[in-house]
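Colleague: What follows is the residue order along each chain.
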Amino acid sequence: MNIEKRLLKGDRRACARLITMLENDDERAIEIIKRLYKHSGNAYIIGITGPPGSGKSTLTNRLARKLRNRDKKVGILAIDPTSPFTGGAILGDRIRMSDLALDKGIFIRSMGTRGSLGGMSKATWSAAKVLDIYGMDYIFIETVGVGQSEVDIVKVADTVLMIMVPNLGDDIQAIKAGIMEIGDIFAINKSDLDGADKTKMEIEMNLDLNDKKDYRPPVIKVSATQDENMDKLVEKLIEHRNYMERTEKLIERRKDNTKFKIIKLIEEELMNLIMDRALEQNLLESLSNEVVLNDLDPYTAKDKIMRLIK
Amino acid sequence: MFNEKDLKDIEAARDKWEKEKVKKVTSRFPERKKVFKTGSNLEVDRVYTPEDIEDLDYNEKIGFPGEYPYTRGVQPTMYRGRLWTMRQYAGFATAEESNNRYKYLLEQGQTGLSVAFDLPTQIGYDSDHPLSEGEVGKVGVAIDSLKDMEVLFDGIPLDKVSTSMTINAPASVLLAMYIAVAEKQGVSKDKLRGTIQNDILKEYIARGTYIFPPKVSMRLITNIFEYCSKEVPRWNTISISGYHIREAGATAVQEVAFTLADGIAYVEAAIKAGLDVDDFAPRLSFFFNAHNDLLEEVAKFRAARRMWAKIMKERFNAKNEKSMMLKFHTQTAGSTLTAQQPDNNIVRVTIQALAAVLGGTQSLHTNSRDEALALPTEESVRIALKTQQIVAHESGVTETIDPLAGSYYVESLTDRIESEAIEYIDKIDKLGGAAKAIEKGYIQKEIQNSAYNYQMEIESQEKIVVGVNKFQIEEDIHKDILKVDPEIERFQREKLETLKRERNNKEVENKLNKLKEVADTSENLVPYIMDAVRVYATLGEICGVLREVFGEYEQSVIL
Amino acid sequence: MNRPIRVLVAKPGLDGHDRGAKVIARALRDAGMEVIYTGLRQTPEQIVAAAIQEDVDVIAMSILSGAHNHLFPKVVNLLKEEGIDDVLTIGGGVIPDEDIPTLKDAGIERIFTPGTSTSEVVEFIKNNLKR
Numbered sequence: 005m006n007i008e009k010r011l012l013k014g015d016r017r018a019c020a021r022l023i024t025m026l027e028n029d030d031e032r033a034i035e036i037i038k039r040l041y042k043h044s045g046n047a048y049i050i051g052i053t054g055p056p057g058s059g060k061s062t063l064t065n066r067l068a069r070k071l072r073n074r075d076k077k078v079g080i081l082a083i084d085p086t087s088p089f090t091g092g093a094i095l096g097d098r099i100r101m102s103d104l105a106l107d108k109g110i111f112i113r114s115m116g117t118r119g120s121l122g123g124m125s126k127a128t129w130s131a132a133k134v135l136d137i138y139g140m141d142y143i144f145i146e147t148v149g150v151g152q153s154e155v156d157i158v159k160v161a162d163t164v165l166m167i168m169v170p171n172l173g174d175d176i177q178a179i180k181a182g183i184m185e186i187g188d189i190f191a192i193n194k195s196d197l198d199g200a201d202k203t204k205m206e207i208e209m210n211l212d213l214n215d216k217k218d219y220r221p222p223v224i225k226v227s228a229t230q231d232e233n234m235d236k237l238v239e240k241l242i243e244h245r246n247y248m249e250r251t252e253k254l255i256e257r258r259k260d261n262t263k264f265k266i267i268k269l270i271e272e273e274l275m276n277l278i279m280d281r282a283l284e285q286n287l288l289e290s291l292s293n294e295v296v297l298n299d300l301d302p303y304t305a306k307d308k309i310m311r312l313i314k
Numbered sequence: 010m011f012n013e014k015d016l017k018d019i020e021a022a023r024d025k026w027e028k029e030k031v032k033k034v035t036s037r038f039p040e041r042k043k044v045f046k047t048g049s050n051l052e053v054d055r056v057y058t059p060e061d062i063e064d065l066d067y068n069e070k071i072g073f074p075g076e077y078p079y080t081r082g083v084q085p086t087m088y089r090g091r092l093w094t095m096r097q098y099a100g101f102a103t104a105e106e107s108n109n110r111y112k113y114l115l116e117q118g119q120t121g122l123s124v125a126f127d128l129p130t131q132i133g134y135d136s137d138h139p140l141s142e143g144e145v146g147k148v149g150v151a152i153d154s155l156k157d158m159e160v161l162f163d164g165i166p167l168d169k170v171s172t173s174m175t176i177n178a179p180a181s182v183l184l185a186m187y188i189a190v191a192e193k194q195g196v197s198k199d200k201l202r203g204t205i206q207n208d209i210l211k212e213y214i215a216r217g218t219y220i221f222p223p224k225v226s227m228r229l230i231t232n233i234f235e236y237c238s239k240e241v242p243r244w245n246t247i248s249i250s251g252y253h254i255r256e257a258g259a260t261a262v263q264e265v266a267f268t269l270a271d272g273i274a275y276v277e278a279a280i281k282a283g284l285d286v287d288d289f290a291p292r293l294s295f296f297f298n299a300h301n302d303l304l305e306e307v308a309k310f311r312a313a314r315r316m317w318a319k320i321m322k323e324r325f326n327a328k329n330e331k332s333m334m335l336k337f338h339t340q341t342a343g344s345t346l347t348a349q350q351p352d353n354n355i356v357r358v359t360i361q362a363l364a365a366v367l368g369g370t371q372s373l374h375t376n377s378r379d380e381a382l383a384l385p386t387e388e389s390v391r392i393a394l395k396t397q398q399i400v401a402h403e404s405g406v407t408e409t410i411d412p413l414a415g416s417y418y419v420e421s422l423t424d425r426i427e428s429e430a431i432e433y434i435d436k437i438d439k440l441g442g443a444a445k446a447i448e449k450g451y452i453q454k455e456i457q458n459s460a461y462n463y464q465m466e467i468e469s470q471e472k473i474v475v476g477v478n479k480f481q482i483e484e485d486i487h488k489d490i491l492k493v494d495p496e497i498e499r500f501q502r503e504k505l506e507t508l509k510r511e512r513n514n515k516e517v518e519n520k521l522n523k524l525k526e527v528a529d530t531s532e533n534l535v536p537y538i539m540d541a542v543r544v545y546a547t548l549g550e551i552c553g554v555l556r557e558v559f560g561e562y563e564q565s566v567i568l
Numbered sequence: 007m008n009r010p011i012r013v014l015v016a017k018p019g020l021d022g023h024d025r026g027a028k029v030i031a032r033a034l035r036d037a038g039m040e041v042i043y044t045g046l047r048q049t050p051e052q053i054v055a056a057a058i059q060e061d062v063d064v065i066a067m068s069i070l071s072g073a074h075n076h077l078f079p080k081v082v083n084l085l086k087e088e089g090i091d092d093v094l095t096i097g098g099g100v101i102p103d104e105d106i107p108t109l110k111d112a113g114i115e116r117i118f119t120p121g122t123s124t125s126e127v128v129e130f131i132k133n134n135l136k137r
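Chains as they are written, first to last, in this note's numbering: chain F, 5 to 314; chain E, 10 to 568; chain P, 7 to 137.
Where hints are given, some of them may not hold.
Said to hold, decoys possible - Now the stretches of chain P that chain E is said to cover, found in silico as 3 or more residues with beta-carbon under 8 Å:
{"no.": "1", "stretch": "67-78"}
{"no.": "2", "stretch": "88-94"}
{"no.": "3", "stretch": "101-115"}
Worth flagging that the hints you see were computed from the coordinates, not collected in a lab.
No residue lacks a Cβ here, since even glycine has one placed at the ideal position from N, Cα and C.
Using the sequences provided together with the hints, build the complete structure.
Modeller: And the structure:
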């Protein structure tokens, strides 16, 4: 049986192999996604992001278990950083999920960023599609968690869950700067620590500034390890989903995200097209040389390269 | 320690020596390396002179044996009074076989017992638990209930030996079993001498046999402190262990720093639980590693003693001198043993044993030559024990106390290890103490970095390990190693089945229910664990009840 | 196609001595591989499930407790049951020479004993991938 049919039948190995092929830019896998794309769209995608040490993996584990209790199938994509120097990575998020490994209704996949910024890998989107086609009801995408610029998650997820922890200190400033806007739900994890109320208040104050009109993101205190308020968090996720569906904001967001994805694909292909030719002719090297010697300016150099595809 | 004029003269003489003598030689024959380092990568100078210890105040920093700050040792006469306790960690397979090994070791002149438990026992599973598969009796003896414990100490009078038990997460249960065996022998609790390891923090850091989350684990530990201070006064209630931290790859400085930081956390927890520091602190003991760099290790032990004395006196206001004394057991470094040319390990162990003795240890385990291959054979264990006897009776190092004191190098290294370890402890304090630093992965990360660097240094031959990355020889396959019979797993399960059939199950249920009830309160759990043990509730059942109430620890690995 | 080798580094059994596993994990990462580290106390079933989901090229296991004769072959057998034949399985730890032939027969393709350099492991993996 080919991998396509096996995936549709819910074969774990087919699902895993297809993700591998997509991570490796294998054309055959892209052809398969093209053919199977009509089977996607059933899964609901939840992005989970937050600063390092906020307990994302443990929280994801707990949410997945709760959804399993409601008989939902759950896919998890856990992203960790790839070393820019060696291309290697240590993917350690499974450690906190090992009790889920044997549940056939759960599929966990660890991914390295492989050079992407923004807290995700290039293949995250397509891996989520594979899990969707594979038959998962919910897909969690856990971002790298380096802190600041992980806004790309909003371009993939239907709901974004922001994890915070008490006493972030100056970090809250950084969070304010960019990613406060993308959170649909805020969970303050490890809320048994001192300062949880203060953090909650700070987030609420920030939300006051961000007038989102008809929807105000809830802020709730939880403890993933002690299973406190986690049921409530699940309820909030489902409430947000209902809201998105009811108001047709889901379609809107998915359309925006699709646009973003198509643009990304075009960007990528154009870049490859141009750079392949430029490198082939050693153009980048020679033009850069001229610019350094002040024989040329970078704008004219760009024009010369662009002429290759015009 | 020296007057100004002498120091000036020494400085001048050294300058002259460097210029006239050393330069002349090194210009023609450069030294073997650009930088010389200790085993733990502290930089080492060409020679040490009084200049290196010019600020050392003898009375304040060194003093006399048995006197604060105990740099030279905790007893006034040290080995001139009594030699250290020779204590070989042993135990494998079943209680029956281990009992035989203990009797053999006592006949060979060993002076204390040290019980190794198998992994299921250490993690609170009975031999019939699915996770126990393949592990029963492997790294130690399998103990499922009081029945096994009775066999383990059969014919060994518990008022005559001191027994050390390497048990942590379920320490309270095994201690309860030990006390119950003593009761059956007619030995009263106040006569019992020994140690339980009971050090959960280093399990999270380095050794991995944890069960419960930190908070409740700390409660169990303080429960034991409290119980023993009243009921088992001669029992060492914890052995705060740097050994495994070092084995996991820490440097000498890190070993001291992280161990003492753990110690601080236990003292704080006990004080917070309402105990008086001088009630429990005299029963705290430590457990260190003895590595290959002889002089660095000696300096490490001396620094640790001095630091702990100061911590207890100044930070915790201890009044009792015994609270300030750092008493410790030492084991030679298992990670230095090579699978290649295993007989060379006897030499390594000798150097390490010497370090422990020159460092003033209270008891010592010497590793056997074949431990990088498997569990040691009886013959290997005997050589290891004989090594201690040779150091004790033939080397002469026991005849005077702390013979390396006053060595310019050893004293300056002692200072250096102390000051670098203090830096770490300050950092850990800033993170909120050892438990928090572990939760954040800080301590683990520091150790892992050291472990990785060490491996890279071996691979680049910056560090030489004889027989491994240099001086290799062709070797035959190593035979004559100890094999644990896989049948014992079946045997152990059968014993368990019989026990569960024959005991009073109604009683067991009652005691377990009671334990579960109190676990949720703030009462001391030890008496209830004792009750359950006496009616032959199994280790797995007792830990199972506690697991239900307390939950389990989830590993936080940061690579 | 440029693809990183994916390796599952696992500690089956109950022993908590993960110094070696962690050093290897780091060395493999530094050699450009993606290392999925599963942590302590993994059952053979969990290891195989993770290997499938992560679609790894290699399973590298470490045991220091002496339970290798029981646990290593169990992993290989579970892989066979799942019909997986393209995963390289290797092991390490305190493993007596005498046990190595049996483990190899069972399908563990290489056993690394104490003193092995990390570069040796890297080379072995690179030269023995099954796909």
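Colleague: Decide, hint by hint, whether the structure agrees.
Modeller: Consistency of the hints with the structure:
Counting residues of the stretch 67-78 of chain P whose beta-carbon sits less than 8 Å from any beta-carbon of chain E gives 6, enough to reach three: the coverage restraint holds. Only residues whose beta carbon comes within less than 8 Å of a beta carbon in chain E count, and the stretch 88-94 of chain P has 0; fewer than three means the coverage is violated. Residues of the stretch 101-115 of chain P with a Cβ under 8 Å from some Cβ of chain E number 3, which satisfies the need for three, so the listed coverage holds.
The structure does not agree with numbered hint 2 stated previously, though it agrees with all others.
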